[in-house]
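Trainee: Each chain, letter by letter, is given below.
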Amino acid sequence: MSGAPDRVLLVDDDPAIRAVTEATLRVIGGFDVTSAPGGERAIDICREQGFDLLLIDVMMPHIDGPATIRAMRSEDLLDSMPFVFLTAKVDSESRHALLSLGAARVIAKPFDPAELVEQIRSVMGRRN
Amino acid sequence: MLEKLLMGMVMVAGTSIAVMMLRVRAKSLGHHRLTYLCLSLSSFALVAQAGIELIGLGHESGHPNELVHASTFTWALTSAIGIAFVLTRRPASSKFTRILDVLIACLGVFSLIWTMAISRIFGTAGLRGVDAALVMGTCAFIATCTGLSLTLSRVAYWRAPPTMIVHIASSLLIATAQTLLVVHFHSSFELSLWIPYSGVLIGLVLFRFTYSRRFSNFARHFRINRFRESLGFVIYLPFLIFPVVGLLINHDHLLLTIRNVLFCSLVVLLIVRIRLFEEVAHRRSEVLERRINQRTNELAQAHTLVLQIMDVAEDGMIAVDGGNQPLILNKSARTILGLVGSKLTDQTIDDPVRIDENPIRDIFATTDESQAIGSRIQKEIMIRGRPRTLEVLVRRIDQTTDRLVAVFRDVTDDLSLLQKKSRFISMVSHEIRTPLTSLSGSLSLLKTGKFGQIPPEAGHMIDIAVMSTDRLVRLVNDVLLFNRLDGEQSSVNLQSTSVESIIGEAIDSMQPLAHSQRQTIEADGCAESVFVDRDRVHQVLINLIQNATKFSPSLSIIRVSAHPSGEFVLFEVSDDGRGIPEANLESIFEPFYQVDGSDSRTQSGTGLGLAICRGIVELHGGRIWAENRIPHGTSVKFTIPRDIRLMRSSDEKVA
Numbered sequence: 001m002s003g004a005p006d007r008v009l010l011v012d013d014d015p016a017i018r019a020v021t022e023a024t025l026r027v028i029g030g031f032d033v034t035s036a037p038g039g040e041r042a043i044d045i046c047r048e049q050g051f052d053l054l055l056i057d058v059m060m061p062h063i064d065g066p067a068t069i070r071a072m073r074s075e076d077l078l079d080s081m082p083f084v085f086l087t088a089k090v091d092s093e094s095r096h097a098l099l100s101l102g103a104a105r106v107i108a109k110p111f112d113p114a115e116l117v118e119q120i121r122s123v124m125g126r127r128n
Numbered sequence: 129m130l131e132k133l134l135m136g137m138v139m140v141a142g143t144s145i146a147v148m149m150l151r152v153r154a155k156s157l158g159h160h161r162l163t164y165l166c167l168s169l170s171s172f173a174l175v176a177q178a179g180i181e182l183i184g185l186g187h188e189s190g191h192p193n194e195l196v197h198a199s200t201f202t203w204a205l206t207s208a209i210g211i212a213f214v215l216t217r218r219p220a221s222s223k224f225t226r227i228l229d230v231l232i233a234c235l236g237v238f239s240l241i242w243t244m245a246i247s248r249i250f251g252t253a254g255l256r257g258v259d260a261a262l263v264m265g266t267c268a269f270i271a272t273c274t275g276l277s278l279t280l281s282r283v284a285y286w287r288a289p290p291t292m293i294v295h296i297a298s299s300l301l302i303a304t305a306q307t308l309l310v311v312h313f314h315s316s317f318e319l320s321l322w323i324p325y326s327g328v329l330i331g332l333v334l335f336r337f338t339y340s341r342r343f344s345n346f347a348r349h350f351r352i353n354r355f356r357e358s359l360g361f362v363i364y365l366p367f368l369i370f371p372v373v374g375l376l377i378n379h380d381h382l383l384l385t386i387r388n389v390l391f392c393s394l395v396v397l398l399i400v401r402i403r404l405f406e407e408v409a410h411r412r413s414e415v416l417e418r419r420i421n422q423r424t425n426e427l428a429q430a431h432t433l434v435l436q437i438m439d440v441a442e443d444g445m446i447a448v449d450g451g452n453q454p455l456i457l458n459k460s461a462r463t464i465l466g467l468v469g470s471k472l473t474d475q476t477i478d479d480p481v482r483i484d485e486n487p488i489r490d491i492f493a494t495t496d497e498s499q500a501i502g503s504r505i506q507k508e509i510m511i512r513g514r515p516r517t518l519e520v521l522v523r524r525i526d527q528t529t530d531r532l533v534a535v536f537r538d539v540t541d542d543l544s545l546l547q548k549k550s551r552f553i554s555m556v557s558h559e560i561r562t563p564l565t566s567l568s569g570s571l572s573l574l575k576t577g578k579f580g581q582i583p584p585e586a587g588h589m590i591d592i593a594v595m596s597t598d599r600l601v602r603l604v605n606d607v608l609l610f611n612r613l614d615g616e617q618s619s620v621n622l623q624s625t626s627v628e629s630i631i632g633e634a635i636d637s638m639q640p641l642a643h644s645q646r647q648t649i650e651a652d653g654c655a656e657s658v659f660v661d662r663d664r665v666h667q668v669l670i671n672l673i674q675n676a677t678k679f680s681p682s683l684s685i686i687r688v689s690a691h692p693s694g695e696f697v698l699f700e701v702s703d704d705g706r707g708i709p710e711a712n713l714e715s716i717f718e719p720f721y722q723v724d725g726s727d728s729r730t731q732s733g734t735g736l737g738l739a740i741c742r743g744i745v746e747l748h749g750g751r752i753w754a755e756n757r758i759p760h761g762t763s764v765k766f767t768i769p770r771d772i773r774l775m776r777s778s779d780e781k782v783a
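Protein chains in written order, with the working numbering: chain A, 1 to 128; chain B, 129 to 783.
Relax, there's no trap hidden among the hints.
Footprint (simulated), chain B over chain A, 3 or more residues, beta carbon under 8 Å:
hint, stretch
1, 6-18
2, 24-31
3, 83-90
4, 107-120
Okay, derived cross-link-like pairs now, DSSO-like style, lysine-lysine, Cα gap no bigger than 27 Å in a straight line:
hint, chain 1, residue 1, chain 2, residue 2
5, A, K89, B, K549
6, B, K507, B, K548
7, A, K89, B, K548
8, B, K507, B, K459
Among the chain A residues that face chain B by a calculated CB cut under 10 Å, a handful are:
hint, residue
9, T21
10, M59
11, E93
The set of hints was computed from the structure by calculation and includes no laboratory data. Given the structure is predicted, the values throughout are model-derived calculations rather than measurements. The beta carbon of each residue, even a glycine, is placed where N, CA and C say it ideally should be.
Assemble the whole structure, with the sequences as input and the hints as a guide.
Mentor: Have a look at this one:
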């Protein structure tokens, strides 16, 4: 169990953020990261393979974060996978709304790389 | 005998009606009881005399006896006094007319006494039937024409035909009675008696005609406006003929001649008096009419002025009566409510147009009386099928009526502009956040050295880039926060919480920062519980503590305290820093205001921290201010109501 790194699915429409986040998770956190540019693609990937955690952006074209979560939930894809929102919306109302969807954490953009890794580890219940 | 009976009956009936008419007039004009008594007595004496004549007690060998003289004297005297009362009691007469009235009354009484005295001197043989007729006729004339004079000036009288008919009929009856009486003794006298009464009859008919619309047109066409007045004078002229004829007939004795002269002058005076009376009444009505016209013009001018002033105002103004009927509205009101070109363009105040337009009703529609009247509120109102937001202030015009006035403006565009601005700022901030995320993330990753060793100088540059990025992030956060305090997004999430816990949490989250600068934070909370937006008050304390740490030297103490103060809780964050120049104590709460631009530490702030604090405190209905401490240091204090709901309701009570 300890040999295989934890698998994280990262969903964000912005390629730069995707690249930086992926690098952060891989380099600092040592996770096995798969990234998707949108909700549809993420759902497809999830159907094929399982992940230990889903890190998903809120505002995305076509289907946004919450809609993706609802779609995944209807397909029982979230049963054993916790998810964390990554959002530019920092006000407490949107934060509460996102938490009420069942998110384990809501992390504000921009984030501190070390902080992000810390948060994700705590969600997974593991520490280095 | 039959002739006598008929004569007596006709005479009594005619004269009684004439005198009774006088009594009715006297009553309607508000004369006192003495007038009424005199006139009643005179009618009673008349009836008594008629009775005496009828049963044959009034004559001894063809001549009237003592009884007839006594009754004649009584009714004549009381009539004269009554008439004198009626004349002198006319309200608001001039000095001259009053003297004239007294003169007439004295002359009338004196003439009668004179007549009685003569009849005493001449005995039963002296006073012939024609004299009795003369006395009676004159008195009846006085009664009739006084009654006429009292009513002539009143147009209303002429619009009541029954009254007029009775008057004419009574005059005719008197004439008939006198004629019969004279015929009985002197057949040559009859024609002269018919003259005055037929004159009166024709005059009255003509006079009535002058009040018709046809005559008004006729008079205007021929410019004979004075015709009515001339006619009024002509009516009375025939009466003069009667005593003149008597004067001509009775020239056989000096005493009788004097009596006839007295009667002639009495009639002349009466005519003059009546003419004066009409003149005064006419002049008074003319003056009144002129005044009314003048006042009407003034009112119209004042109304126009008010409308012109109201039209200058950019705010819409509209006043309505209790039933929401508009009394007056200005140009802006019509423009805002989309009523231009509709029937409401009519501006007359005395002819308010009944309308059932929705906007006006909506403006005055109140859901809660105390809330809607007297305070400025925003209302969604449908105008020409489109929803508009109006800022409306409705007030009562006065306390006694339920008339209301509303002052309002259309704030739809302002609001949408505000919303657009707010939405734009929010959008821009979010858009900036996306590249910031990758920027700060990349920099942080670089800094870890996991992608290879970084030379020290490059590392320093990366540090600067990281710091600047952090500052940019804070700035964007603060702009968003500040933007949200403004306008519609400023909804507060109120909850009951203890002051101690808010302070405790704020200190806990600021402790690491203070530690890093080797500063201590001391708390002195109170057990009060408040009803506030917890997150926001927390934000205020964080910002204030952050400022305090920033401007305080190492090893200093920052104190955070809270105390109840009336309806409020007073919070205080104080430090031992170098203080703020007195002149800047107010302006530090302005956005992006910096006390000293050269201070390197201020560079790490966003310039919005205190502005956000003020926004949050004011949103709660509190106040924030800064004070310098002695010997050094700054203390920022703010008040928050214990229960914002109570404050709002008491505010409304005051308003």
